[in-house]
Structures are given as structure tokens and as C-alpha cells.
Amino acid sequence: MQRLTVPALLACLFAVLLWAAGTGALNVYWQSVLMFMGVNIILATSLNIINGNMGEFSCGHAGFMAVGAYVSSLLSVALFTKSQVFGEPLIGPSAAVWLFPLVLIAGALAASLVGLLVAIPSFKTRGDYLAIITIAAAYIVKSTIENIGAIGGARGFMGMSAVMSAMNETINLPWIMIWVFVGTVFSVWLIRRFIYSTFGKGVDAICQDEIAAEIMSVNTDRVKLVAFMVSCGLAGLAGGLFAHILGYVNPGTFTILKSTEIMVMVYLGGMGSLSGSVLAAILMTLLIEYLRDAFGFLNTFLHYISVIPDSYEVTQVWKWVVIPLLLVLLMQFRPEGIMGRRELADVFPGLRKFYKFKG
Amino acid sequence: MALLDVKEMTQYFGGLCAVSEFTVALEQGQMAALIGPNGAGKTTVFNLVSGFYKPTRGEIIFDGQSIKGLKPHQVTSRGIARTFQNIRLWFEMTVLDNIRIAQHHALGYGLFDCFLRTPRYMQRERDIEDHAMEVLSRLGLAEVAHELPKNLPYGVQRLVEIARALSIKPKLLMLDEPAAGLNSADVEGLIKLIGDIHRDYGIAIWMIEHQMDVVMSLCSWIKVIDFGATIAEGTPEGIQNNPDVIKAYLGDDTI
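In order, the protein sequence lines correspond to chains S and R. The first sequence runs 1 to 359 under our numbering. The second sequence runs 1 to 255 under our numbering.
Pulled out of the complex, with its shape left as it was, chain S reads as follows:
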């Protein structure tokens, strides 16, 4: 019975979302906020494997997200729609509904392969040095994309909205919402199964004492490789969804600032806490959305006293004042994050009565 609680809750949530998006009870703005929330949950939980469970410091998650975003966008545009870059569709718009998940999976696989760029150095390097390698890997990805003129270079790549509308024309459902929901649930499910298995606990063992792990028969190279590839692959999945929500991608989105945003979610939630990452991703998404239009009076005031030119708006930049400030305060007063290393059920043991997972 208790085993059905979580699936049932998720099914209800899914039904409500579908209904709200279909009838327009949820306007387009809030739909996109919820979808970004899903993307952020995937990003935070997947980065948590590296920064939380493994105790390494990866600052290049946005780079892997970019790989997933570009590969899945290019594929979906080439396969399903007529575009300037690829010409006639290879398969045709009517197949988009059925083949879209494969496109996302392809993006994820590509990202996990690029993850090797970080995974292989991690066999010999750790800590600060590995952090530098992750930044380098993210920059390699970003500069590569910026310099391939055929896919738009620094201007970005578009055409995914046509794919989305093609899917809606075939069967009229809020498809992107559905896939973001499925992708989010799938990611958390996959990560949970991974890190709770004896195999996955090897990741924590590496974090706590790598020498002991190696001597106690943990193949640390293999565990690191798998952890990095799972983490980067899911970042790629998040990237693919992100690109299709927006309808266009731009390499400028996947800078170190984006990586920092994801890192703040992980540290806010608590390192190594899966439920903490989910919670923090939800809170951060709402906070970022709030900050978009926050302090409008300050903007007006600065314009009034002519400190800034009329054409320049300061509202958008608050995010980059508040998020770093949050990080400073967090590290000062609660370095372990909201949840510490614990899960929701450790904080509220009463919850265990209501649900149960297989294994």
C-alpha cells in the first residue's frame, strides 16, 4: 500500500498539471516557471552526485547541459521540421510526438560522453585541480559551439518551437510540459536508485575516504566514471528540455554563471541530500522568478535621479546580487545547507509511515 503513495501523488500532480495547462487555468508564464523548476531539479540533483555525494567540486555543469541542449535541438530540428540549416525534414513533423524522447536521450548520451572529459582526469586528480578541469571542459564546449558557424555560432540556434507546434498539431496536448515532468521524475528516480544501491554507495565511500574505498575492493575509477557519466548525462537531458522550452538556444546561456546557479542550489539544499536538492531547486526557481521584477521602485528611483540611463533597467541584475549574497550568508551561518546530509525522511521520521520505496 505505502509503496503506491509516491507514484499516486505524482500521478495526481501530473493530472492536475495537464488539466491546468490544457484549460489555461495556469497561464503561459506560470507554465514556463514550473517547467524551469523541473529543469532545475534535474540539474541540481544530478550535480549533487558529484558535488554532494562524491565530494568533488564540479563548476562545469552548464557545459554538459549545453551539449545536451545542442545535440537534442539539432536532432529534433533536422528530423522533424524544415529549416534553413538542414533543409527538408529527414522524417517529418508527424513523427515528432513519438520520437521526441529518443531525441532527448540522444542529447543525454552525448553529454555523458563529453563527461568523459572530466571523468578520466578525475582518476588521478581531485579537489581544486579537478574543479579547474571542470571549468576548462565547460569552456571547451562553449567555445566549440560558438565557433561552429553552421549551427548559428554565438548567435544561437533556433527552430525548436516549430517542433513543439508540430507535436501539438499531431496530438493536442501540452507536450513540453509532459516531457519536462517525465524527465524530472525519471531523473530523481534514476539518481535515487543509483545512490541507494551498494554500487552507488561506493560514491560516498570515495568522498569519505578514497584510500579505504580502494583497499576495500571498490573500483574507484569505475565508480567515478559511472558517477560522472550519470551526472553529465542527466545534465544533458535537462539541457535538451531547457532548449525545447525556450525554443532557441544560445551558447551565452551556458556560462559559468549558470553553473554557479546550479551549485548554489546544491549547497542550499545540503550536500549529498537528494530531497534537499529538489527542495532547493524549487525554492531557487521561485526566488529567481521573484527577483526578475523585484525592487521595481529602486529602478524607478535610479532613473528619477538620473544615475542610470533611461534605456538601462536594473531589475534583471538583482539575481546576481541576491544569489551570491545568499551563498555568503549560507556558508557563514548554515554551511551544511537546508537538509545537511539528511533526507526528508530523516528530518521528519513520521513521513516513513506513509510511503515506501522498492529497495
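One or more hints might be untrue.
Derived lysine-lysine pairs resembling DSSO-like cross-links, with alpha carbons at most 27 Å apart [stated by the list, open to error]:
hint	chain 1	residue 1	chain 2	residue 2
1	R	71	S	124
2	R	192	R	7
3	R	7	R	54
4	R	54	R	71
5	S	124	R	68
6	R	54	S	124
7	R	54	R	169
8	R	171	R	54
9	R	54	R	150
Computed beta-carbon distance windows for the label pairs [said to hold, decoys possible]:
hint	chain 1	residue 1	chain 2	residue 2	range
10	R	134	S	146	57 to 63 Å
11	R	126	S	10	24 to 30 Å
12	S	321	R	143	51 to 57 Å
13	S	101	R	134	41 to 47 Å
14	S	30	R	94	40 to 46 Å
15	R	229	S	344	47 to 53 Å
16	R	148	S	18	49 to 55 Å
17	S	18	R	143	49 to 55 Å
18	R	94	S	2	18 to 24 Å
It should be emphasised that the hints constitute simulated quantities derived from the structure, not laboratory data. Glycine included, each C-beta is placed from N, C-alpha and C at the ideal position.
Following the hints, put chain R in place on chain S, whose structure we already have.
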């Protein structure tokens, strides 16, 4: 044939010869000790055998096969488990998980089994947990299975570390100073425990130990090294009266 056969193993760190032409042959089920003054190179010998370093020269044969140059986890999978001088448990996860993770050499399932929770995965996870609980109960640690090691007293942490090494089902158990930091009551318990393990599991045990009562009451054969070189080997009685050993420990009286 000997279980562990180390032949003329030599290790240089830069110009320093840490271990010089170390030779040992341990039989199946033998209990032996490696002793020597501080800095003699005892732990280096253990590190070489367990695969942390690759010896500059020499050969290490375990169970008929060369293990020289294998990675530590591969050496462990072949059947050599060890503990550390300073306890190296994973302090932030439960005692049970500590034992479970040591079963990585015999997982018997892959990544996709663990994503899909296949019957094989479920069966193996149950087996691993049963095995872990069995080892813990054997050492009287069943009631601390769900505690974090950091909250346990030092003596119990030592036991957990021995339990973790034993859970690998080794043919050779190497203990690096198992009695370090224990009080005399704990040491007595440890002597009894190691004796019991040796009898019940029938495995070879090789220990580094400074406390002579542990060595003398347990080991049938002792090797003494100093500055990386072997200075004596033999039975406990022989070693106790060996002038070279006394000189290494107490200094030369003919100043």
C-alpha cells in the same frame, strides 16, 4: 606451496631505500608478525603487498599468481584484506553500510540492474546485507549495525574495521597495529578475538604490532626488520633472545 610468496621485494622512494630485498613465505592458515622499530618500513611492506605502491624490484606471488602491479582493489579481490594503523572507516555512514560497500568485489550486478531493480539486483542486495549482518554478529557488533562509526568508542571502531576486512572473505588478513591505542582490557579482548578468527575462519593472518604480548601470544613466526632490511626471523622464543633484535630495539651497549 606458500600462500603469499614475496621474493626480494625492494622499494626506493627517490634515493631512500625503504624496503630492501624483503622475502617472506606465508603458509595457508599461518599466523605471523612483522615487527621492527618505528620507521623500519613495516607499513611500506604492507602497502607494497596490498598494491598501493609497485615495488621497484622483486616479485609478489599470492595463491600461485603474481599480484605485483595490480591495483589495490584487484589485490583485495584476490583475497588479501587489510586494516590500517589509523582507523580508516567511512565515518559518516552506518556500520552496516561500511560492511556492505566492502562487497564491491562480489557485487554480481551492473549499473542497469541497479537502475531497474532487477531480481538479480534484489537478490544480491539481500545476500550482501545478510552476509554483512552475519559478520557483524560474529564479532558481537550486531547492535551497532545502524550507528555511525564516528559515534562509537575507539575500541569498537577497531572491531568494525576488522569486521569490514573479514567480510571480504580473505585468504590473508593483514592487520596494521590492531592494538594501537587500546587499553589493556581491550588488548586482551583483541588477542582472544584474533585467535578466534584464526581458528574459526582458518585464514592466514599477518600483523604488524608493537605490543609484544599480542605478538608473542598469537604468532608462530616473526620477522624483524630495521631500516628496510631484515635483521631476524624465527619463532617467538628465538626472536626474544636474538642479540640483533635487542640491539635494534634497545641500542648497542658497546658505545
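Hints the structure fails to honour: 2, 9, 15, 16
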